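Undergrad: The residues making up each chain are set out below.
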Amino acid sequence: ILNVEQSPQSLHVQEGDSTNFTCSFPSSNFYALHWYRWETAKSPEALFVMTLNGDEKKKGRISATLNTKEGYSYLYIKGSQPEDSATYLCASGDDSGYALNFGKGTSLLVTP
Amino acid sequence: DSGVTQTPKHLITATGQRVTLRCSPRSGDLSVYWYQQSLDQGLQFLIQYYNGEERAKGNILERFSAQQFPDLHSELNLSSLELGDSALYFCASSEAPSYGNTIYFGEGSWLTVV
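Read top to bottom, the protein sequences are chains B and P. Each residue of the first sequence is one higher than the last, beginning at 5 in the numbering used here. Each residue of the second sequence is one higher than the last, beginning at 1418 in the numbering used here.
Since the hints were made in silico from the structure, they are not lab data. Quick caveat, the model's predicted, so the values are computed rather than measured. Using N, Cα and C, we set each Cβ at its ideal position, and we do this for glycine too. Any given hint might turn out to be false.
Pair ranges (Cβ atoms, derived) [claimed, not checked]:
| no. | chain 1 | residue 1 | chain 2 | residue 2 | range |
| --- | --- | --- | --- | --- | --- |
| 1 | P | Asn1476 | B | Thr26 | 18 to 26 angstroms |
| 2 | P | Pro1487 | B | Asn7 | 31 to 39 angstroms |
| 3 | B | Asp21 | P | Leu1478 | 38 to 46 angstroms |
| 4 | B | Ser32 | P | Leu1478 | 42 to 50 angstroms |
| 5 | P | Thr1432 | B | Asn71 | 28 to 36 angstroms |
All chains should be modelled from the sequences, with the hints used to inform the complete structure.
TA: Laid out in structure tokens, this is it:
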């Protein structure tokens, strides 16, 4: 079972700040890395799925990078807005099974 | 709206009881996953089905069981409930059991065991 770690556990930034979080995972047998955004009382929303080393994905002000050789991914939010407040989850899957293994998430609070 | 429907949204039951959680996947998705979110824990993978067959098993207790029916909906059965089973149970679905596919989550079923 892959051990997926996320840091920081929580983050509080001001509106307009840019921020980033880290997801680390064992690089052996890596297959894919997923990022999700989870607001309270809602379902986790898929942001990105990345499989290739060096992959970079972007969705509006949110982007992510992937380094499969060293086992980490960064999620960046440019110009944070209060509506970005949520828990950001990453999950990794290896080629030995079919299940994604999730980190505990980074809780982001953006205040005006 | 992810297209994954879970019922009930909230459930309160006593220790020792049995409950069934139901999930309807997104239209066209053949793979269904069940996850448990407990306090201070990350999402814990329980079990996965693909087109009616079990494909992978995670940290699912023997008191728990699941199945996927021919119409692709799935049920998670939790029996002999204990206080520690109180959690948010998510169902998710994807087109196929491949990590490259996006997995869509329902809103979850909150189970409280008293």
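Undergrad: So which of the earlier hints does this model not fit?
TA: Per hint list: 4, 5 violated.
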